[in-house]
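Mind docking chain B on chain A? Use the hints.
In the order they appear, the protein sequences are chains A and B. By this note's numbering, the letter at position 198 of the first sequence is numbered 198, and the numbering carries on one by one without gaps. Position in the second sequence counted from 1, then plus 285, gives you this note's numbering.
These aren't lab readings, by the way, just hints derived from the structure by calculation. Just to be clear, a hint being listed does not mean it is correct.
[Claimed, not checked] Pairs of lysine-lysine, DSS-like flavour, derived with a Cα cap of 27 Å: (1) A:K178 - A:K229; (2) B:K483 - A:K118; (3) A:K229 - A:K172; (4) A:K172 - A:K97; (5) B:K483 - A:K150; (6) B:K579 - A:K178; (7) A:K154 - A:K172; (8) A:K148 - B:K483; (9) B:K579 - A:K172; (10) B:K357 - B:K464; (11) A:K32 - A:K178; (12) A:K154 - B:K483; (13) A:K51 - B:K579; (14) B:K576 - A:K178; (15) A:K178 - B:K400; (16) A:K63 - A:K226; (17) A:K109 - B:K483; (18) A:K178 - B:K402; (19) B:K344 - A:K178; (20) A:K51 - B:K576; (21) B:K357 - B:K483; (22) B:K344 - B:K357.
What follows is each chain in one-letter form.
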Amino acid sequence: MESTVLEKKEVEAEVKAQPYKVNNMMQNPIEKIESPILNIDKLSVSYGGDKYSINEVSAGIAKNKITAIMGPSGCGKSTLLRAINRMHELYPDTHNKGSVYLGKEDIYKMNPILLRRKIGMVFQRPNPFPTMSIYDNVIAGYLLNGIKLKRSEKDAIVEKSLREVGLWSEVKDSLHNKGTFLSGGQQQRLCIARALAYTPEIILLDEPTSALDPIATAKIEDLLVKLKKDFTIVLVTHNMSQAARISDYSMFMYLGELVEYGKTKQMFTMPKDKRTEEYLTGKFG
Amino acid sequence: MNTSAQISNAKLNRRLLKDKLFTYAIILLAFLSSVPLFLILFELIKKGYRQINISFFYKVAPDTMEAMVAVKNNEIIPGGIANGIVGTLIIVGMASLIAIPVGIICGMYLAENSKGKFAGVVRFIVDMLQGVPSIVLGVIGYIWIVKPITGGFSGLAGSVALSIMMLPSIVRSTEETLKMIPETLKEAALSLGVPYHKTMLRVVLPSGISGILTGVILGISRIAGETAPLMLTALGSAAISTDITEPSSAIPLLVWEFYNDPNLVDMIWSASLFLLILILCLNLTAKAIAKRWKVQY
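Chain A on its own, in the form it takes in the complex (with noise of 0.2 Å):
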């Protein structure tokens, strides 16, 4: 009888000790990137009150690679992903703790109009707007900023981008028209071309083609992996198979926690946290 408590105290012992199994112990679950373009520094988020949706987070990101970030839901991959170009600070009461490094400048110390310039972002549902018409909307960032630009410039601009998202065959004879009047993976596409055309540092993207059929997604994501050779890319996703097809990075987050943070080759052979492990195995999410 004794010895049986004294077992069971035991094993709690070392469960506490060890709470994941990890299967390379001596590796650290977060890889250390050199030179990154952006450096995320014990950041967490919290929407009001001490909860906080992220925390203590710490994190490179390469340059001109994709770097993905799954979890489960809610577990704090979108607030990251806007707590990079500061959009969760929409929501009243966000606080946060910690910085992020745009090259050297802290963003937390920038006007978010301007860091928001250097830092684009294409959300999980189509937006384009409404009254504009495909061509205006490419350019929205210039209009919209009262930046005046010539005729020639502005049409420069517009095709250079929506050949970047191959949208220029498909929609070269009617670029006066409307843009919500496009089928959902092409308004996608124009949004990522509206992102461009300001030619931002990074491009985050927040679940892109979670609203979209698997041809769209598969345009999507060829598009993605040809513009990293010109920009940053930092997707969130939940589709673990669209983070192994197209990431050089992979981030795993769960309850706020970066878990794991590697190249996405080495994280779906060999993850370094057990949790992370059980995530790709589908053991949970």
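Below, chain B alone, put in the same frame as chain A:
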């Protein structure tokens, strides 16, 4: 087995009959509620059509003597309602100039801060404003403008009274319209580094333009026919008056004046008909705009 089936058949037939009766009753009642408008139009056209000719639109209202002579000789009354038309256009136009910017901005504020405490208070007050009797607004116009500012009855005072009256409909329609616009649209603009005020004015507002315009036009059509506030403010004028600090006429005021003058009674019908058609046209325009300019997102 067989009997129970028969019983249920009889029951079923009774139910079907009830169902039919109910449907017909609804159609009948729906029809009845649309009858008054047609009866009014019929009555006004029957009695007023002879009066409406070109001079009706460019001549001022006749005086009693002219009208009396015309009636005696069994002719149509000369003159028109030009002073009323011009007065209504100026008074309603001024009222719109005051109420539209204030109302739209207030509606934007309410839509953006739907849960705020101050917004709740504002929303409550706007709703209360809707219930303020129009004659009370006339008294307010009298106290605020007629006595201290224009030193006498004036079109401006009428405009102020009417602008307060049309404010609630603009505020609420703007708020309701903007609430329907997806948040993602605002996010799209903000994520492009567009400042908040430009996002609201150049992305969100244009997307809701059809709903907002509909509210504005319905507000205009509501005040265009108001009489009570104008009696205490604009008073009325026999001549065409374009000076907003002077007393001014308006179509509903003319109807009231015609009613009070036994010799001019026949003019009531034509003036009412014109006013009714004007307001119907405004409402139809509002409907057309709501349909045609609807933004798809």
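Task: Numbers of unmet hints, in rising order - done: Numbers 1, 4, 10, 11, 13, 15, 18, 19, 20, 21 - these are the hints that the structure violates, sorted from lowest upward.
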